[in-house]
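Undergrad: Residue numbers (numbering that gives the first Met the number 0), protein chains in the order written: chain U, 0 to 234; chain D, 0 to 234.
One or more of the hints may lead you astray.
Copies of one chain are not kept apart here, so a pair can be met inside one copy or by any two copies together.
[As the list claims (entries may be wrong)] Below are the DSS-like pairs computed for lysine-lysine, each with C-alpha atoms no more than 30 Å apart in a straight line: (1) Lys190 with Lys134; (2) Lys150 with Lys139; (3) Lys139 with Lys190; (4) Lys150 with Lys134; (5) Lys130 with Lys190.
Derived from the structure by calculation, the hints contain no laboratory data.
2 protein chains.
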Amino acid sequence: MAYELYYWPTIQGRGEFIRLALEAGGADYVDVSRQDDGKAMMTLMETAATPSFAPPFLRLGDRTIGQVAAILAWLGPQLGLSPNGDSDRAWLNQIQLTFADLVAEAHDTHHPVDMMAYYDQQKPEAARRSKAFRKQRIEKFLGWAEQVLSKNAAGPAWLVGDRLTYADLSLFQLVEGLTYAFPTATARVLKSTPHVVAVRDRVAALPLIAAYIDSDRRIPFNQDGVFRRYPELDD
Amino acid sequence: MAYELYYWPTIQGRGEFIRLALEAGGADYVDVSRQDDGKAMMTLMETAATPSFAPPFLRLGDRTIGQVAAILAWLGPQLGLSPNGDSDRAWLNQIQLTFADLVAEAHDTHHPVDMMAYYDQQKPEAARRSKAFRKQRIEKFLGWAEQVLSKNAAGPAWLVGDRLTYADLSLFQLVEGLTYAFPTATARVLKSTPHVVAVRDRVAALPLIAAYIDSDRRIPFNQDGVFRRYPELDD
Chain U
0 MAYELYYWPT
10 IQGRGEFIRL
20 ALEAGGADYV
30 DVSRQDDGKA
40 MMTLMETAAT
50 PSFAPPFLRL
60 GDRTIGQVAA
70 ILAWLGPQLG
80 LSPNGDSDRA
90 WLNQIQLTFA
100 DLVAEAHDTH
110 HPVDMMAYYD
120 QQKPEAARRS
130 KAFRKQRIEK
140 FLGWAEQVLS
150 KNAAGPAWLV
160 GDRLTYADLS
170 LFQLVEGLTY
180 AFPTATARVL
190 KSTPHVVAVR
200 DRVAALPLIA
210 AYIDSDRRIP
220 FNQDGVFRRY
230 PELDD
Chain D
0 MAYELYYWPT
10 IQGRGEFIRL
20 ALEAGGADYV
30 DVSRQDDGKA
40 MMTLMETAAT
50 PSFAPPFLRL
60 GDRTIGQVAA
70 ILAWLGPQLG
80 LSPNGDSDRA
90 WLNQIQLTFA
100 DLVAEAHDTH
110 HPVDMMAYYD
120 QQKPEAARRS
130 KAFRKQRIEK
140 FLGWAEQVLS
150 KNAAGPAWLV
160 GDRLTYADLS
170 LFQLVEGLTY
180 AFPTATARVL
190 KSTPHVVAVR
200 DRVAALPLIA
210 AYIDSDRRIP
220 FNQDGVFRRY
230 PELDD
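Only chain U is shown next, with the shape it has when bound in the complex:
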């Protein structure tokens, strides 16, 4: 039985954290909206017994689960991307939720005051929010990830224990996304987070991830996703 991923078909967005887990776990899955332009997704948003507030959501058989961190906490054990034990899984979940906070803040740099309006309708506010994000938040979040890696009793190769989990895949995506959206500010921070950079490189070198990134299943970054490159917001 294949997993069915429902997400916007033209962006990486929040769905990319799920795609990376499915790919790294070698899962049998269908990225449904890329085949039907989102039609089934819009229907299922309404008709699912467990309706999702927003995409992405993942279906397996008669079960549909939404919210990135909830999907990953559910999927991780099935794909071998979670540690054993409730407490270690809680710690992994905590890390993922902290990354989710960073994603939300990255989104709000281009939509600080009205998420239903265009960026062009909130550019001064976006400039101010982005400045605070660049000056304080990127460093605080990636510095925290560096600390987590440094404190890992099993060594700094992975965030939790001594093997890959879904949070490492998400950290890869965060570094890629921040580098796309804020290349100058992110490069400055990455100089002081060598373990984070090493995780990014280690994930990129995983055979299944390297193959995915080379495939047309990986949608390029663009100006409709969470991470957007507006040069006026970087420095």
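With chain U fixed as given, assemble chain D onto it according to the hints.
TA: Okay, now just chain D, sitting in the frame of chain U:
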């Protein structure tokens, strides 16, 4: 062995979702910062083997877990506030994460462009963000909760299955918080969400919760928490 909750000692804030679960579950716990004004919290932020990005975090023995939804997903089964089964727990987690998104948006109404600056330094932006929040988001989130209750195969008394879970406690807190911060806008929405109102009332009537709300352990809403009453942001 008692749970130790670490959170800011003068606000409900995000810690309140944990306090409500501990209280409703009849847990033996200490709200540590209310005894030492946050000193141990600030130390543990740095020294924990699993460091938290921000409060709240909860310690039990040698394990410390942060992030509200991760704490609740870990704590729920221990306190009888989660359903059985990985899939139902994933659904509960999804609901909690959607509520967490609403909390983050409520916070951003008074801090839309710079979370390290005061509200007074971003009032025009706060007015615009609050308008979008009042006009679209409160209704969308509470309408979604109403839909979840309506679709529950076990009936609309609780969000998941036929008994109380931690998400019901959180929904109570959301209604209380939104009503405090945006009384006019929230009252308007609640007219069309009778199941949500009923959950709020049902939680308030739980003996352990009623006793908690009457106690001095429940910190009153105030202008330092997530939910703040600025009359100029409501209508």
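Undergrad: Now, for every hint given, state plainly whether the structure supports it.
TA: Hint-by-hint comparison with the structure:
no., hint, result
1, Lys190 with Lys134, "within (15 Å within a copy, 43 Å between copies)"
2, Lys150 with Lys139, "within (16 Å within a copy, 41 Å between copies)"
3, Lys139 with Lys190, "within (14 Å within a copy, 42 Å between copies)"
4, Lys150 with Lys134, "within (25 Å within a copy, 45 Å between copies)"
5, Lys130 with Lys190, "within (19 Å within a copy, 40 Å between copies)"
This entry satisfies every hint, going by the numbered hints stated previously.
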